[in-house]
Amino acid sequence: MATIKDVAKLAGVSVATVSRVINKSPKASQASIASVTQAMKELGYRPNANARALVSQSTNTIGVVVGDVSDPFFGSMLKAIDQIARQNGKQILIGNGYHNATTEREAIELLINSRCESLIIHSKGLSNQELIDFANEVPGMVVINRFIPEIAHRCIALDNHKGSYLATEYLIKNGHQHIGYVCSNHDIEDTEQRLAGYLDALRAYNLPADDNYIEYSSPDEAGGEHAMMNLLSKNLPITAIAAYNDNMAAGCLSVLEENGITPPQDISLIGFDDGIIAKYLSPKLTTVRYPINIMAEQAANLSLALAKGDENKTCTRMFVPTLVRRLSVAQK
1 MATIKDVAKL AGVSVATVSR VINKSPKASQ ASIASVTQAM KELGYRPNAN ARALVSQSTN
61 TIGVVVGDVS DPFFGSMLKA IDQIARQNGK QILIGNGYHN ATTEREAIEL LINSRCESLI
121 IHSKGLSNQE LIDFANEVPG MVVINRFIPE IAHRCIALDN HKGSYLATEY LIKNGHQHIG
181 YVCSNHDIED TEQRLAGYLD ALRAYNLPAD DNYIEYSSPD EAGGEHAMMN LLSKNLPITA
241 IAAYNDNMAA GCLSVLEENG ITPPQDISLI GFDDGIIAKY LSPKLTTVRY PINIMAEQAA
301 NLSLALAKGD ENKTCTRMFV PTLVRRLSVA QK
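The sequence shown runs 1 to 332 under full-length UniProt numbering.
Please keep in mind that the hints were generated in silico from the structure rather than gathered at the bench. Treat the hints with caution; some may be incorrect.
[Stated by the list, open to error] Listed below are the simulated DSS-like cross-link pairs for lysine-lysine, each with C-alpha atoms no more than 27 angstroms apart in a straight line:
| id | residue 1 | residue 2 |
| --- | --- | --- |
| 1 | Lys162 | Lys279 |
| 2 | Lys9 | Lys24 |
| 3 | Lys41 | Lys27 |
Given the sequences, and given the hints that come with them, work out the whole structure.
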């Protein structure tokens with residue numbers, strides 16, 4: 001395997017000159033760049049990434065921690081971040097946190113040890129204080145889908161409460177008074193905020209908030225099926241369902257179909273996220289749009305700016321969800 005000394009010998013320059021060319025130093029002459037580049041090509045020499053990082057103090061990477069890379073929601077988030085990274089000549093390193101404090105901590109520490117100057121962290125397991133401590137250690141760290149007052153200028157978040165309120169209010173305005181809620185059983189702030197939005201909308205329209213109308217399960221299709229079956233077994237006069245997310249809504253639709261209940265004529269249904277699945281369900285799912293693409297782009301740009309010692313003053317920190325009206329809600 002060729003070494004940097006072999007490159008220097010073939011190019012007829014010093015090792016220091018080869019190093020300057022590799023690290024794109026402005027001190028490297030055009031003649032040196034040409035001869036060193038040709039020598040590296042002939043020898044099949046690849047500069048060692050760790051060695052370059054020691055010189056430049058950067059690996060040209062953006063570190064990203066997500067909940068679970070297999071979730072389409074995080075796939076959309078990663079794609080948006082990767083596009084910004086590539087526009088800036090960088091690559092992304094990814095860690096899964098699984099909403100677990102220990103796993104999230106290990107992923108963040110690994111990315112820091114990998115010399116990522118920019119970090120975009122989706123964390124639901126770690127405490128506010130621990131994330132603040134990491135942010136103090138890494139100037140280019142941004143938290144996404146979470147608001148921490150002490151580092152508010154480095155948080156990109158969504159108003160989950162308002163989104164769930166909008167969804168429930170939309171059902172109410174379509175004449176529904178007996179509205180069930182299919183809720184996530186994950187102990188995270190998203191769960192609390194979306195449940196609170198549902199309950200607050202009921203109270204705002206003087207409708208009873210009954211715990212019997214709420215079922216908790218995993219925030220996926222199987223969880224939606226489980227929660228919907230439990231609600232049906234209670235024989236409640238439900239005419240509409242608000243779901244924690246689109247995946248749970250999909251599970252609800254499956255159970256309704258299996259039980260001969262036709263949405264939206266018999267029961268209306270509204271989701272949350274506006275994920276890829278929403279427009280391909282039958283009926284097409286009315287939902288609340290979670291603008292994760294633009295949020296991820298903002299987070300990536302902010303992270304890169306902070307790593308350079310700048311701050312994007314025009315960056316939107318708190319995003320507002322919007323209704324997406326399709327075919328799964330009917331007037332009562």
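Right, here's what the structure says about each hint:
1. Lys162 with Lys279: 22 angstroms, holds
2. Lys9 with Lys24: 19 angstroms, holds
3. Lys41 with Lys27: 21 angstroms, holds
Going through the hint list in order, the structure satisfies each hint without exception.
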